[in-house]
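Taken in sequence, the protein lines are chains A and C.
In this text, residue positions in the first sequence follow the working numbering: the first is 1, and each later residue adds one.
In this text, residue positions in the second sequence follow the working numbering: the first is 1, and each later residue adds one.
Derived from the structure by calculation, the hints contain no laboratory data.
Computed from a prediction, not measured in an experiment: that's the story for all the values here.
Where is the CB? At the ideal position from N, CA and C, for every residue including glycine.
Treat each hint with caution, since some may be false.
[What the hints assert, rightly or not] Covered by chain A, per the in silico footprint, the following chain C stretches (three or more residues, Cβ under 8 Å):
(1) 630-638
(2) 678-684
[Claimed, not checked] Estimated spans, in silico, between C-beta atoms of each pair:
(3) A/164 - C/404: 46 to 56 Å
(4) A/273 - C/397: 52 to 62 Å
(5) C/317 - A/223: 51 to 61 Å
(6) A/273 - C/343: 27 to 37 Å
(7) C/29 - A/268: 36 to 46 Å
(8) A/257 - C/343: 19 to 29 Å
(9) C/335 - A/194: 49 to 59 Å
[To be verified] Some chain A residues near chain C, calculated using beta-carbon distances under 7 Å:
(10) 250
(11) 253
(12) 256
(13) 265
(14) 295
(15) 296
(16) 298
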Amino acid sequence: MIAAARDMFQRWRGSGRYAAAVPPMDGVLGPNQLIEEAPLLLETEAPDNLVADGDLFLFSTGNRVMRLGPAGPDAAPETFAKFEHPVSALALAADGALAVGLDSGAIHVKGGPHDGTVLHELGGRDIVCPTELLFDKAGSLLVALGSQQNPPSRWRHDLMEKNASGSVWRLDLASGEPSCIADGLAWPAGMLAGHDGQLTVSESWRNRLVDVCPGTKPKVSLSDLPGYPGRLSPASDGGAWLSVFAPRSQLVEFVLREDDYRCTMMAEVEPDLWIAPSLTAAQSFLEPMQLGGLKQLGVLKPWAPTRSYGLAIGLDCKGMPRASFHSRADGTRHGITSALEIDGRLLLASKGGNAIVSITLDEHGAAR
Amino acid sequence: MATSETYARWRTRLVPDHIVGEILSKNWIDNAIPVFMLVLAICVFGSIIPNFFLFGNLTDEGREFGELALVVLGMTVVLLAGGIDLSVGSTFALANFVTLALINWFDWPAGLAIGCALLAGALVGLLNGFLIGYLRLRAFLTTLVTLIVVRAIVDTLVLSYSSKVVVPLGYSAFWEYLSYEDVYGVPVAFIVAAVLAVAAHVFLTRLRPGWRILAVGGSRRSAYNAGLPVRRIVAGTYVLSGVLAAAGGVFYASRLGAATATTGVGLEVAALTAAVLGGVSLGGGRGSVTKALLGAATVLVISNSLIQMGLRSGTNTLALGVVLLVAVAIDVKWLKNRFKLLSRVYVSPAYFRLPPRPDATEGSGTPYALNDRLRDVELIGLGEIDAAEDPILDIDDHLDFGNRQGDIIRYFGPDHKRSEVYAHVGGMPLGMAFDKAGDLVCCVAGMGVYKIARETREVIKLTDETNRSWLSIIDDSRLRLPDDLDIAPDGRIYFSEATVRFDMHEWMVDALESRGNGRIICHDPRDGSTRTVLSGIRFPNGICLAHDGKSILYASTWSCTVERFWLEGEKKGRTETVIGNLPGYPDNINRASDGNYWMALVGMRTPTFDLALRKPGFRRRMVQQLAQDEWLFPQMNVGCVVKFNERGEVIDCLWDRRGVNHPMITSCNEHRGYLYLGGIVNNRVGRYRIEGADPDFTNQGSYWGSGK
Chain A
1 MIAAARDMFQ
11 RWRGSGRYAA
21 AVPPMDGVLG
31 PNQLIEEAPL
41 LLETEAPDNL
51 VADGDLFLFS
61 TGNRVMRLGP
71 AGPDAAPETF
81 AKFEHPVSAL
91 ALAADGALAV
101 GLDSGAIHVK
111 GGPHDGTVLH
121 ELGGRDIVCP
131 TELLFDKAGS
141 LLVALGSQQN
151 PPSRWRHDLM
161 EKNASGSVWR
171 LDLASGEPSC
181 IADGLAWPAG
191 MLAGHDGQLT
201 VSESWRNRLV
211 DVCPGTKPKV
221 SLSDLPGYPG
231 RLSPASDGGA
241 WLSVFAPRSQ
251 LVEFVLREDD
261 YRCTMMAEVE
271 PDLWIAPSLT
281 AAQSFLEPMQ
291 LGGLKQLGVL
301 KPWAPTRSYG
311 LAIGLDCKGM
321 PRASFHSRAD
331 GTRHGITSAL
341 EIDGRLLLAS
351 KGGNAIVSIT
361 LDEHGAAR
Chain C
1 MATSETYARW
11 RTRLVPDHIV
21 GEILSKNWID
31 NAIPVFMLVL
41 AICVFGSIIP
51 NFFLFGNLTD
61 EGREFGELAL
71 VVLGMTVVLL
81 AGGIDLSVGS
91 TFALANFVTL
101 ALINWFDWPA
111 GLAIGCALLA
121 GALVGLLNGF
131 LIGYLRLRAF
141 LTTLVTLIVV
151 RAIVDTLVLS
161 YSSKVVVPLG
171 YSAFWEYLSY
181 EDVYGVPVAF
191 IVAAVLAVAA
201 HVFLTRLRPG
211 WRILAVGGSR
221 RSAYNAGLPV
231 RRIVAGTYVL
241 SGVLAAAGGV
251 FYASRLGAAT
261 ATTGVGLEVA
271 ALTAAVLGGV
281 SLGGGRGSVT
291 KALLGAATVL
301 VISNSLIQMG
311 LRSGTNTLAL
321 GVVLLVAVAI
331 DVKWLKNRFK
341 LLSRVYVSPA
351 YFRLPPRPDA
361 TEGSGTPYAL
371 NDRLRDVELI
381 GLGEIDAAED
391 PILDIDDHLD
401 FGNRQGDIIR
411 YFGPDHKRSE
421 VYAHVGGMPL
431 GMAFDKAGDL
441 VCCVAGMGVY
451 KIARETREVI
461 KLTDETNRSW
471 LSIIDDSRLR
481 LPDDLDIAPD
491 GRIYFSEATV
501 RFDMHEWMVD
511 ALESRGNGRI
521 ICHDPRDGST
531 RTVLSGIRFP
541 NGICLAHDGK
551 SILYASTWSC
561 TVERFWLEGE
571 KKGRTETVIG
581 NLPGYPDNIN
591 RASDGNYWMA
601 LVGMRTPTFD
611 LALRKPGFRR
621 RMVQQLAQDE
631 WLFPQMNVGC
641 VVKFNERGEV
651 IDCLWDRRGV
661 NHPMITSCNE
671 HRGYLYLGGI
681 VNNRVGRYRI
691 EGADPDFTNQ
701 GSYWGSGK
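Kindly generate the complete structure, drawing on both the sequences and the hints.
Pasting the structure below:
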């Protein structure tokens, strides 16, 4: 009774559970401009899905999967594979099999013993939104389905619709037998296989990382992130790299609570112009602006409220943040969707900034 | 239209939400709770007790009220200076005894006896004042001791002489008059209390000693540092309290003519309850005579009603104690939360639906189509300038504009490399124009309309107020945010006041309200009069006299329209829309050399903000729950300038699409073939070469002929 009354009061006041507060970026997440100032490795349209291939690495841009050597800016990427639809997820197995998730809602396997496999459903459930793929040591394919309502390209819709219909699956390619590891997730966008066989999943819309295990409830391993966590990739010392593809903002949290405004906006306004997170820095004069984002004396302040941001977080072996790399509100290398550590360098794909940048790491996993 | 939207529209039309905040911002709102308490007490007891409103009852209550009010006034003065006087009850009893003894026993003249009684009260007060004011003892303990000591004296006297003092030896007409007569049914005690209350009000609000008492109560240290004789003032308040308590005792004596051991017992609690219930702060410095009287009336109604209901006397004290507790709690909470509440409810967004946005995207084929022609402008004073809202050029090519420090800066022509402070105005100068004599007339935020004489550079106030509108709750006679002005051929100055509800630094809040808070005002220098011409406009901003001098054009920023107001001709006094639907928010308007008009768009409309205008509840909650930096706002990180003709057709449009040099352009001024761009949050003035423009055109020449 008292709890219910308090809940109503807090809803009216916008306090407590209904406060539009977001966690501050301080401590390890204190701001810097390491991504904004990092050397450019490659300028390309909306790069995503960095995957190591020996000394080389693969990435996706639009419908294509490309391969690039470590030679630097002079090296030209070669087309590795091409598909009918935009590539949304990528995984490479030790035996050379390439698993590709497409925005149209399909998973293709190329090369390896199961070459030519095409999946449209898993355990009776349609594949709508393959957000991430991963081969585990046993050779089975782990699949993260972000949502049952929206394909990966409509991630903004899924957030603003407040969906939580994502799931994580394990698929034995030999037998074709799928098993559900976790369900009811709010946009699982990244997966990381731990040494002891546990699986960590980033749950974007709930701003947290969870350890999932079949038959048990997901266990929160890192919560209250200041952004929407995306892909996870292993670091050389046993830790991990977490890409945070968009920042949380008080205004967006507020709009998410304002159902009347939110629904009208989704019905009447183009998605790019919504009050919603974005991968790209402001482009159009029709995009929403917040008062703190007004240029003062000709300068946009780096701490201005923003819809887009560039952030990658280094996690230690226990899953706690130990380093962070930023491109702030006044920058353009926003929408970091993928991170990959190769040879003491950290490659970051800025999907919103159309760039892959390379940061040299020191022995502690921080920028040198 | 959705149901919620229809509801929002009608609510805006029918319910004046904004007046709640305006009432709360008034100083007299502090009296609201005491008035409410009094009305509540009267209603409750009036309905319970029969004959509550009977005339005889009221007369009796009037006498008692007079006595109590005098004591409460004394208590209030002490509280205002930051002290407390618990000895009022004993002083009251002492004065009662002294009066009766001198008149009945010693048969002194009534006037002299009363004088002595008041003197006795003053002496008790002086003792208190000396101990507390000069020896710096604690007010609470000191007056508690005085209470006990004086009470003991009175008790001893009453024990020995009570029978002697009650039987009058002689007859005094004056004493009889004081005791029994009314003036048209109003008891003398009440009249005396009323007169004293008026005097006390004047004393506290209009006279120097009264102000000093409030200053000492408000901040003792500041008052001391300001050179006030704090000790003497504090001591004085206790003397005043003693005299007033004694006066109460005199009237008590005249009413009952008896001296008993219970006279004035518990009076200090009643007086304290009355003062605090009325809203006199226990902390000092805040309170008034009105509050004290309201509290006294409430306490009297409660205690008398309880007696009439036949409850035991102990209940009465208990009830007063409870009321005192509640009053203190309210006092603390109200003081702490009043401004929080005000800031929460003052902003009151209105429903406003703009017509669909004209397409301004690149390649849309409309006159507004996006381009980047303002990208490479020449820059003047980059990094030296702060907030050039309306740069203007004079006939000698000097460039003048205001800054945030309250100066008018002049960049010398023709190259605009060197600068000087042309004049110091004191407030932030906004819109400017030259009058016929070549003097610079400018709107100054928060101050009014000022003129800087051309020869002497003397800053002259033209006007800082207009007529007060009858139904406005906030005082709208003072100019709060004069924005832009222009001067008619006959010398009359027409200027816009963007909003009457917010100050300069809160102008953006007015965008979230989108209520018609602004007005157009006319100042006539011939007779010095200032009158409001048009009101209820959504942020009237730029003003420009039409080329033929027969009408003025003004921009209504949040409405995205340009209107024309006719000064003469057959449509004189009428308003008509020139541009009905802009893709952005219009700011200053100025004449172009080809007979058209330049207008700056300070920001562009966005679909999300247009939608928010249809959701007043959304905006209200946003203002309440989010920090200001997080508020949704129109897009102002682009620069856009349009040119339109007399018919309101847009014929050209210049953009700085990324806002590299000129985000948020507030003004554009044509001068000798160039367009000068200013922005209120920018640090530069831009100079754009206009193709094919008249190289001799100047604004001053256009208005007053090239001879000037």
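Results of checking the hints against the structure:
1. Figure legend: the segment 630-638 of chain C, annotated as covered by chain A; annotation consistent (9 residues with Cβ-Cβ distances under 8 Å, at least 3 required).
2. Residues of the segment 678-684 of chain C with a Cβ under 8 Å from some Cβ of chain A number 4, which satisfies the need for three, so the listed coverage holds.
3. The supplied range of 46 to 56 Å is met by residue 164 of chain A and residue 404 of chain C, whose beta-carbon atoms lie about 49 Å from each other.
4. Hint check: residue 273 of chain A to residue 397 of chain C, Cβ distance near 43 Å, so the stated range 52 to 62 Å is violated.
5. A hinted range of 51 to 61 Å holds for the C-beta pair residue 317 of chain C and residue 223 of chain A, which are about 57 Å apart.
6. For residue 273 of chain A and residue 343 of chain C, the hinted distance range of 27 to 37 Å is satisfied, since their beta carbons lie about 31 Å from each other.
7. Residue 29 of chain C and residue 268 of chain A have their C-beta atoms about 41 Å apart, which keeps the hinted 36 to 46 Å range intact.
8. Roughly 21 Å separates the CB atoms of residue 257 of chain A and residue 343 of chain C, a value that falls within the hinted 19 to 29 Å.
9. For residue 335 of chain C and residue 194 of chain A, the Cβ-Cβ distance of about 57 Å falls inside the hinted range of 49 to 59 Å, so the restraint holds.
10. Proximity of residue 250 of chain A to chain C holds as hinted, the smallest CB-CB distance being about 4 Å (cut-off 7 Å).
11. A hinted interface residue such as residue 253 of chain A counts as satisfied when its beta carbon comes closer than 7 Å to some beta carbon of chain C; here the least separation is about 9 Å, so the hint is violated.
12. Because the beta carbon of residue 256 of chain A sits about 12 Å from the nearest beta carbon in chain C, more than 7 Å, this interface hint is broken.
13. Hint on residue 265 of chain A holds. Least Cβ distance to chain C is approximately 6 Å, under the 7 Å limit.
14. Hint on residue 295 of chain A holds. Least Cβ distance to chain C is approximately 4 Å, under the 7 Å limit.
15. Contact between residue 296 of chain A and chain C, as hinted, is supported at the beta carbon level, the nearest pair being about 5 Å apart and thus within 7 Å.
16. Residue-level restraint check for residue 298 of chain A holds (minimum Cβ-Cβ distance to chain C is 6 Å; threshold 7 Å).
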